[in-house]
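Trainee: Work out the full structure: start from the sequences and follow the hints.
Chains A and B, in that order, are what the protein sequence lines are. Position one of the first sequence corresponds to residue 9 (my numbering), numbered consecutively onward. Position one of the second sequence corresponds to residue 7 (my numbering), numbered consecutively onward.
Hints in this document: simulated from the structure, not taken from any laboratory. Check before you lean on any hint, since a few could be wrong.
Unchecked claim - Covered stretches of chain A, as calculated for chain B (at least 3 residues, CB under 8 angstroms):
#, segment
1, 176 to 185
2, 193 to 201
Stated by the list, open to error - With the C-beta cut set under 10 angstroms, the calculated list includes, among others, these residues of chain B facing chain A:
#, residue
3, Tyr100
4, Ser138
5, Asp192
6, Leu273
What you are looking at is a predicted structure, and each value in this text was computed from that prediction instead of being measured. For glycine and all other residues, C-beta sits at the position ideal for the given N, C-alpha and C.
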Amino acid sequence: MALSRLASSSSSSRSADLLKPLCSAISLRRPISTDTTPITVETSVPFTSHQCDTPSRSVQTNAKELLTFFRDMALMRRMEIAADSLYKAKLIRGFCHLYDGQEAVAVGMEASITKKDCIITAYRDHCTFVARGGTLLEVFAELMGRQAGCSRGKGGSMHFYKKDSNFYGGHGIVGAQVPLGCGLAFAQKYSKDEAVTFALYGDGAANQGQLFEALNISALWDLPAILVCENNHYGMGTAEWRAAKSPAYYKRGDYAPGLKVDGMDALAVKQACTFAKEHALKNGPIILEMDTYRYHGHSMSDPGSTYRTRDEITGVRQERDPVERIRKLILSHDLATEKELKDIEKEIRKEVDDAIAQAKENPLPESSELFTNVYAKGLGVESFGADRKEVRAVLP
Amino acid sequence: MLGQSLLKIRPAISVLRSYSSAAKQMTVREALNSALDEEMSADPKVFLMGEEVGEYQGAYKISKGLLEKYGPERVLDTPITEAGFAGIGVGAAYYGLKPVVEFMTFNFSMQAIDHIINSAAKSNYMSAGQMSVPIVFRGPNGAAAGVGAQHSQCYASWYASCPGLKVLSPYSSEDARGLLKAAIRDPDPVVFLENELLYGESFPVSDEVLDSSFCLPIGKAKIERKGKDVTITAFSKMVGYALKAAEILEKEGIDAEVINLRSIRPLDRSTINASVRKTNRLITVEEGFPQHGVGAEICASVVEESFAYLDAPVERIAGADVPMPYAANLERMAVPQVEDIVRAAKRACYRVVPLAAAA
Chain A
9 MALSRLASSS
19 SSSRSADLLK
29 PLCSAISLRR
39 PISTDTTPIT
49 VETSVPFTSH
59 QCDTPSRSVQ
69 TNAKELLTFF
79 RDMALMRRME
89 IAADSLYKAK
99 LIRGFCHLYD
109 GQEAVAVGME
119 ASITKKDCII
129 TAYRDHCTFV
139 ARGGTLLEVF
149 AELMGRQAGC
159 SRGKGGSMHF
169 YKKDSNFYGG
179 HGIVGAQVPL
189 GCGLAFAQKY
199 SKDEAVTFAL
209 YGDGAANQGQ
219 LFEALNISAL
229 WDLPAILVCE
239 NNHYGMGTAE
249 WRAAKSPAYY
259 KRGDYAPGLK
269 VDGMDALAVK
279 QACTFAKEHA
289 LKNGPIILEM
299 DTYRYHGHSM
309 SDPGSTYRTR
319 DEITGVRQER
329 DPVERIRKLI
339 LSHDLATEKE
349 LKDIEKEIRK
359 EVDDAIAQAK
369 ENPLPESSEL
379 FTNVYAKGLG
389 VESFGADRKE
399 VRAVLP
Chain B
7 MLGQSLLKIR
17 PAISVLRSYS
27 SAAKQMTVRE
37 ALNSALDEEM
47 SADPKVFLMG
57 EEVGEYQGAY
67 KISKGLLEKY
77 GPERVLDTPI
87 TEAGFAGIGV
97 GAAYYGLKPV
107 VEFMTFNFSM
117 QAIDHIINSA
127 AKSNYMSAGQ
137 MSVPIVFRGP
147 NGAAAGVGAQ
157 HSQCYASWYA
167 SCPGLKVLSP
177 YSSEDARGLL
187 KAAIRDPDPV
197 VFLENELLYG
207 ESFPVSDEVL
217 DSSFCLPIGK
227 AKIERKGKDV
237 TITAFSKMVG
247 YALKAAEILE
257 KEGIDAEVIN
267 LRSIRPLDRS
277 TINASVRKTN
287 RLITVEEGFP
297 QHGVGAEICA
307 SVVEESFAYL
317 DAPVERIAGA
327 DVPMPYAANL
337 ERMAVPQVED
347 IVRAAKRACY
357 RVVPLAAAA
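Mentor: Right, dumping it as C-alpha cells:
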C-alpha cells in the first residue's frame with residue numbers, strides 16, 4: 009500500500025461552497041482542510057469485471073475530498089438515524105426506507121460526476137437527494153409532510169426530486185426507475201449534452217423484466233446509461249440467493265459490460281463511476297454492481313433481523329462501515345485529528361437537530377394544495393373532493 | 007398561436023358525409039400523418055417511438071414517410087417491449103423532450119400501464135410541479151374486425167379515471183388533426199385513443215383545418231348535430247353510428263342532438279349537461295365494457311347536475327359485457343349497432359313498449 013504522507017495542513021480557510029449543499033441555516037463553520045495535494049489510496053479490494061477492463065485499484069484523492077466524504081457521509085448517517093426517531097415518534101408516516109450503511113455509493117458517485125449528469129433511483133432516496141444538493145430542511149419537512157419539503161409535502165419519503173440538479177427521484181414502483189433512467193440517457197444523447205445517467209436499483213429490482221427491456225434498447229441505441237445495482241443482499245426480506253438464480257448482478261447484462269465494486273469504499277465507488285461515465289459516453293450502457301449493506305431493515309416496518317443475524321449486521325459495521333473507513337484514512341494520513349473529526353460530527357448533530365426543529369415548526373400544506381399540480385396546464389377544468397357537491401376546484 | 011376552437015355548429019347537411027363536394031377530403035390516416043409531420047417539423051424536441059413506426063412506415067401506415075423525412079434519431083423502431091420503451095419515453099419526457107409513443111394497439115399498453123399511470127400521470131403532482139411529463143401515448147383502441155378478445159378492448163374508461171392524464175379520442179379527420187396537435191403541444195401526459203376502422207375513412211376538411219397552426223381545445227366536446235328531443239353522446243367510431251341513428255330517428259319524428267365527446271378526460275360536463283337540460287333525455291354510446299364505463303360517468307354527472315331536467319331514465323348503449331368473441335354473428339352482438347342506439351332513443355322518448363312487458 010503506497011501511502012504518501014503529508015504534513016498536516018489544517019488551513020483555516022473556510023470552504024463555504026463545500027458546506028453549502030449540506031447546511032440548512034447554519035451558524036458555526038469549522039475550518040476543514042482545503043488541501044488538494046494528490047494522495048493515492050488503494051481500494052479495499054480489486055475490481056472484478058465482465059466484458060471490459062477493470063479500472064486501477066489506485067485512486068487519486070486529496071485531503072479536501074476525503075474530509076468532504078467524511079462530512080457528507082456522517083451527515084447522511086446522522087440524518088437517517090434522526091429519521092428513524094421521527095418515524096417512531098409518529099412524525100413521519102407511511103413508508104420510510106433508510107440508507108444508513110450505503111452512504112459511500114451516494115457520495116462516491118457524486119464525486120465522479122457533475123450536475124449535468126442525471127441520477128434516478130428508487131425509494132431509498134434521502135441521501136441521494138442530499139448528495140445532489142438537497143437541504144436537510146427539505147428532507148425533514150418532506151418526510152413530515154410540510155410545506156418546506158422538496159415536494160411541498162405532496163410526495164413523501166419515496167418522492168424526492170431536484171430537477172435543477174438533474175435528480176429525477178424518488179420512485180415507488182420497484183424497477184420502474186431503470187427504463188426511466190434509460191429515457192433520461194436517451195434525452196441526453198438526443199440533446200447532445202455529453203453527459204450520462206446513473207439509474208440505481210437494488211438486488212431485488214435486478215430481476216425485473218423491464219430492466220432487461222431497457223438495457224436491450226440502451227445497448228441497441230448506444231445510450232449513455234449506467235445501471236447501478238446497489239446490492240445490499242436483501243430484497244426486503246428475501247436474500248439474494250433466494251431471489252436470483254444468478255446473483256452476479258454485474259454479469260447479468262450479458263452483452264453489456266459490468267463491474268463489481270466494493271460499495272462500502274467511497275473511493276472505489278468514485279473510481280468505478282468515473283470509469284463507467286467514460287465508457288458510457290463512448291460505448292453505451294454498462295452495469296455497476298455496488299456491494300453494499302443497509303443497517304436498517306427494508307423500511308421502518310421491518311426490524312431487519314428476522315432474515316439476517318445480528319452478528320452479520322454488527323460484523324459489517326465493524327469491518328466495512330464506510331464512514332469509519334474514511335475516518336481511519338484521514339487519521340492515518342494525518343489530515344485531521346480525532347478531535348477535529350469528532351467536532352465535525354458534533355456540528356453535524358446540531359445541523360440535523362436545527363433542521364428538524366425548523367421542519368417541525370413548518371406548517372402542513374394549505375387545503376387548496378389538494379388540487380394543485382394535477383396537471384402542468386389545468387385548462388380550467390373542475391376537480392372534485394370526496395363530496396363533490398361540497399368541495400370542487402378549478403384546475404388552473 | 008394556439009388552437010382555434012371550432013365551436014361552430016355544423017348544418018345538418020354536412021352530416022351526410024358522402025355528399026361533400028366543395029371541401030377537400032382527407033382520411034383520418036392522412037390527418038394523423040400530417041399532424042405528426044407538422045408538429046415534428048415545428049418542434050425539434052418531438053420524436054416518435056414504437057414498433058414498426060420507422061422502416062415499416064407504421065403498422066397502419068400512420069407514420070408513413072416520417073423516417074425518411076426526419077431520420078432514425080427522431081423516428082425510432084423499438085423492439086417488442088412495451089414496458090421498456092414506454093418507460094424510456096417517460097424518462098425522455100422528464101428531461102424535457104416531447105415523445106410520441108405508439109402502441110400498436112392499446113391492448114398492448116397494459117404491458118406498460120405502470121409507466122403511464124405511476125411514472126407519467128402522477129409525477130407532476132408527487133413532485134409539486136417539478137416533473138412535468140409532456141408525452142403522448144397513441145394508437146388504435148377498441149374493436150377492429152374479427153381480431154378476438156385480446157385485441158379488442160376499449161381503454162377509454164380505465165385511463166380517463168386517472169387524475170393527471172388527459173384522454174382524447176378523435177372521430178373525424180378534423181378531430182384527428184386538431185386533437186393530436188393539441189396533445190403533442192400539451193405539457194401533460196395524453197392518452198390518444200384512435201380507431202383502426204376509422205383510419206381509412208374520409209372526411210371533409212376546411213382550409214382552417216389544413217393550416218399547420220390548427221389545433222383543437224382539449225376538454226371541449228363538439229355538437230355534431232343539433233337537435234331538441236334527445237341527446238346522444240358518443241366518441242370515436244360510435245359518433246358515426248350515432249349520426250346514422252339520428253338520421254333514422256329524424257324520419258320517425260325524433261330530433262336527436264349528437265355530441266362528439268372528443269375529450270374523455272377532461273370530460274366536457276357543461277356541454278353535455280346544457281344539452282340534456284334542453285332535450286331532457288340522454289343516451290350514452292360507447293364501444294367499451296358497460297360496467298364503470300364512460301357512459302356511467304356521464305350518467306352520474308347528469309343525475310348530479312341536471313336531475314330535475316330528466317324526463318326519462320338515462321340509457322346506456324355499450325359493448326356487451328363479455329370478452330369479444332370471434333364468430334361474426336357473435337361479434338356483431340358484442341358491439342353496439344345503429345339499431346341499438348335507435349331503440350334506446352325511442353325508449354327514452356317513450357315510443358317503444360319494453361320487450362319484457364310483452365311476456
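Trainee: Each hint should be assessed against the structure and marked as holding or not.
Mentor: Tested hints:
1. For the segment 176 to 185 of chain A, the stated coverage by chain B is satisfied: 7 residues place a CB nearer than 8 angstroms to a CB of that chain, which reaches the threshold of 3.
2. Counting residues of the segment 193 to 201 of chain A whose CB lies closer than 8 angstroms to any CB of chain B gives 6, so the stated coverage by that chain holds, three being the minimum.
3. Nearest Cβ of chain A to the Cβ of B/Tyr100: about 5 angstroms, under the 10 angstroms cut. The hint holds.
4. Look at B/Ser138: its Cβ gets to within about 4 angstroms of chain A, closer than 10 angstroms, so that hint holds up.
5. The beta carbon of B/Asp192 comes within 6 angstroms of a beta carbon in chain A, closer than 10 angstroms, and the hint placing it at the interface holds.
6. At about 8 angstroms, the closest approach between the beta carbon of B/Leu273 and any beta carbon in chain A falls short of 10 angstroms, and the interface hint on this residue holds.
Against the hints set out earlier in the document, no violation occurs for any number.
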